[in-house]
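Enquirer: Going line by line, the protein sequences match chains P and R.
Residue numbers for the first sequence, in full-length UniProt numbering: 1 to 391.
Residue numbers for the second sequence, in full-length UniProt numbering: 1 to 71.
Just so you know, these hints were derived from the structure itself, not from any lab.
Yeah, the Cβ is synthetic: ideal placement off N, Cα and C, and Gly gets one too.
Each hint should be verified, as a subset may be incorrect.
Claimed, not checked - Below, computed lysine-lysine pairings styled on DSSO-like, alpha-carbon distance capped at 30 Å:
1. P:K48 to R:K46
2. R:K36 to P:K387
3. P:K363 to R:K2
4. R:K46 to R:K9
5. R:K9 to P:K363
6. R:K9 to R:K28
7. R:K39 to P:K363
8. P:K81 to R:K2
What the hints assert, rightly or not - Ranges of calculated distance between the beta carbons of each label pair, as one might list FRET restraints:
9. P:G129 to R:M1: 39 to 45 Å
10. P:E206 to R:K2: 52 to 58 Å
11. R:Q64 to P:D53: 16 to 22 Å
12. P:A54 to R:D8: 21 to 27 Å
13. R:D27 to P:H186: 24 to 30 Å
14. P:D298 to R:K2: 31 to 37 Å
15. P:S61 to R:R31: 35 to 41 Å
16. R:D8 to P:E373: 28 to 34 Å
17. R:M1 to P:S72: 39 to 45 Å
18. P:S61 to R:D27: 54 to 60 Å
19. R:I35 to P:G236: 25 to 31 Å
20. R:M1 to P:E373: 53 to 59 Å
21. P:N243 to R:E58: 27 to 33 Å
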Amino acid sequence: MAGLRAAEELRRQGFDGSIKMVTAEAVAPYDRPQLSKSLLVGTTSVEKAIYRDAEYYNNLSIDLLLEHRVGSLDLRERCLKTSRGSVDFDDLVICTGAAPRRLGGIADMAGVHELRTLDDGVAIRDAFGKAPRVVVVGAGFIGSEVAASARKLGLDVTIVEASPAPLARALGNDMGLACAGLHADHGTRLLRGVSIESVEGHGRVERVRLTDGTTIDCDLLVVGIGVAPTVDWLAGSGLPIDNGTVCDATLSTPAKGVYAAGDVASWPNELFGLRMRGEQWTNAVEQGRHVARNILADAEEQRPFHGSNYFWSDQYGVRIQFAGITAADEIRIVEGSVAERRFLAWYRRGDRLVGALAMNEAKSLMLSKTLIEHRANWNEALTAFEKATAS
Amino acid sequence: MKVHVDMDKCICSGMCITIAPSLFDLDKAGRLVVIKSCKLSDTEQKEAQDAAMCCPVEAIELLQHEEPAIA
Ligand SMILES: Cc1cc2nc3c(=O)[nH]c(=O)nc-3n(C[C@H](O)[C@H](O)[C@H](O)COP(=O)(O)OP(=O)(O)OC[C@H]3O[C@@H](n4cnc5c(N)ncnc54)[C@H](O)[C@@H]3O)c2cc1C
Ligand code: SF4
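Given these sequences and hints, build the entire structure.
Expert: Next up, the structure:
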C-alpha cells in the first residue's frame, strides 16, 4: 500500500523519471483490509479488491514488476537482487510490510490458514463455503474480523485468546474487554487465557488441543496472532534493523536516498515522542506519500513524519476506530457508553489528550483525531469537544 | 474538477471530513454528505485529491471535467 501511494504521489508532484514497483506478488496491489471483511462474506470480489488495472500503471508510466521476489539489497551497487534479475535504483523506498506470525510447533496441515494475502483471503472464503466449524487463534483485530465474518455466514466459531485481556496491548485492558464484548453479543465463543497446545488431524485439521487440556473439534483454523515486519531480505545490507527498518524522523534510513514506509518502518514519531512502527492502512498511505515528497525535496527541506496512528475495524456491523496511543494515565468515556456499543473514550497522558477510541461514533472520533494531531491539552480538548458536539 | 462519492463503497469512516472539511461532512446518523462537489477552489481541489488518496475504501472519485451547467 505504501509503495502504491509513494509512486502515485511522485507522479502527482510532477516527477517524470522512471518508477519501478517491485513485488513478490502475482497481482497488482489490492485492498488488504477488505480481506477479513467483505471478501470473506462475499460482498467484495477478487476483481474489486484489486485497486488498479494494468492500464492505470501504464498511464502513469509506473513499471509494475510482479513476481519479482527481492532476495537482497546491495547498497554499493545500488541495486536489488530479485528472483528475476537485478533492478537498479537511485532512490529506494522500502515497503515490504509485515507477515503473519505462525503458530509454533505445528506440522503443515490442510485447513490451517493465516490471513495476509489475497490468496489467503480466497482460501478462507472458499473454506467458509463448506460450512466448517471454525477456530480462530487470537482475538486481535484481524482474528476478530474473521470471526465476525464467519458468524455473519452463520458458522460456528470459537476464538482462542492467550491473554486474559484481549486487545490489551492495542487498546488498554478495559477498552480491550469492551471490544471483545462484541463476540458474546453475536454468538461467538471467546476463550481467554488459554492457547493452542497442539493441532491434531490426519493431513488436515480435525481438532485443536488447548493448554487447559480441553479439545475443540474444527475443520478450519485461522491464525491471527500478529505480524512481524518483513526484513529478512535486508540482512547483510548493512541497514540497521530493530523491529523493522530503523529510520530517522523523516523516514530516511542511514543510507542516502533509501527510505522506508508502512508496516516495515520504525521511526521516532515526534507527535508522541516515541519510536513507533505502524500496522495500519492509513499509516502506510501517509508514510508512502510523505516519503515521495521527501525524495523530491532538497536535503535541508526533509520533513519529519508525524503520524496519529489511525485505524478502523469492522466487526458485526460495528465500526471501531482509534487514533493516537494508549500509554495513558486515564481513560475516560466522554460520549455514549460501552453498554450501548456506541461510545467515545479518550486517553490522557499527563495533561495531554493522546488517544481516542470510538465505537460507532465516526464524527466524534475524527474530531478527536484532529485534536490529538494538534497536541491538545486535556482540559482544553474537553471544552472544545463539548462546544463542537453541542452545536 | 467534480467530486463524486460512491455510496456503495463509502464506509462512513469520516477520514475525508478531516482533510477537506468544506467538501465533506457526516450527518447526525453518521452518514457521509457531500457539501460541495463542484466549482472547487484550488485549495479545495488539492484537499479533494488528498481525501481521495486517504479514503480507506477509495470511494471518492474525482472527475476531471465539470459537467457543463444546464442552461
Ligand atoms: C486481513 C487484514 C485486514 C486489515 N484490516 C485493516 C483495517 O481494518 N484497518 C487498518 O488500518 N489496517 C488494516 N490492515 C493493515 C493494513 O492492511 C496494513 O497496515 C497495510 O497493508 C500496510 O501496507 P504496507 O505497504 O506497509 O505493506 P503491505 O500492504 O503488506 O505490502 C507489502 C508488499 O511487499 C511485498 N513483499 C514483501 N517482501 C518482499 C520481497 N522480499 N520482495 C518483493 N516483495 C516483497 C509483499 O508481498 C506485499 O505485497 C489489515 C491487514 C490485513 C492483512
Ligand atoms: S473517507 Fe471515504 S469511506 Fe470515509 S467517509 Fe469519506 S468517502 Fe466515506
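Enquirer: Each hint: holds or not?
Expert: Evaluated hints:
{"no.": "1", "hint": "P:K48 to R:K46", "in the structure": "holds (26 Å)"}
{"no.": "2", "hint": "R:K36 to P:K387", "in the structure": "holds (25 Å)"}
{"no.": "3", "hint": "P:K363 to R:K2", "in the structure": "holds (24 Å)"}
{"no.": "4", "hint": "R:K46 to R:K9", "in the structure": "holds (22 Å)"}
{"no.": "5", "hint": "R:K9 to P:K363", "in the structure": "holds (18 Å)"}
{"no.": "6", "hint": "R:K9 to R:K28", "in the structure": "holds (20 Å)"}
{"no.": "7", "hint": "R:K39 to P:K363", "in the structure": "holds (26 Å)"}
{"no.": "8", "hint": "P:K81 to R:K2", "in the structure": "violated (44 Å)"}
{"no.": "9", "hint": "P:G129 to R:M1: 39 to 45 Å", "in the structure": "holds (43 Å)"}
{"no.": "10", "hint": "P:E206 to R:K2: 52 to 58 Å", "in the structure": "holds (57 Å)"}
{"no.": "11", "hint": "R:Q64 to P:D53: 16 to 22 Å", "in the structure": "holds (18 Å)"}
{"no.": "12", "hint": "P:A54 to R:D8: 21 to 27 Å", "in the structure": "holds (24 Å)"}
{"no.": "13", "hint": "R:D27 to P:H186: 24 to 30 Å", "in the structure": "holds (27 Å)"}
{"no.": "14", "hint": "P:D298 to R:K2: 31 to 37 Å", "in the structure": "holds (35 Å)"}
{"no.": "15", "hint": "P:S61 to R:R31: 35 to 41 Å", "in the structure": "holds (38 Å)"}
{"no.": "16", "hint": "R:D8 to P:E373: 28 to 34 Å", "in the structure": "holds (30 Å)"}
{"no.": "17", "hint": "R:M1 to P:S72: 39 to 45 Å", "in the structure": "holds (44 Å)"}
{"no.": "18", "hint": "P:S61 to R:D27: 54 to 60 Å", "in the structure": "violated (41 Å)"}
{"no.": "19", "hint": "R:I35 to P:G236: 25 to 31 Å", "in the structure": "violated (53 Å)"}
{"no.": "20", "hint": "R:M1 to P:E373: 53 to 59 Å", "in the structure": "violated (26 Å)"}
{"no.": "21", "hint": "P:N243 to R:E58: 27 to 33 Å", "in the structure": "holds (30 Å)"}
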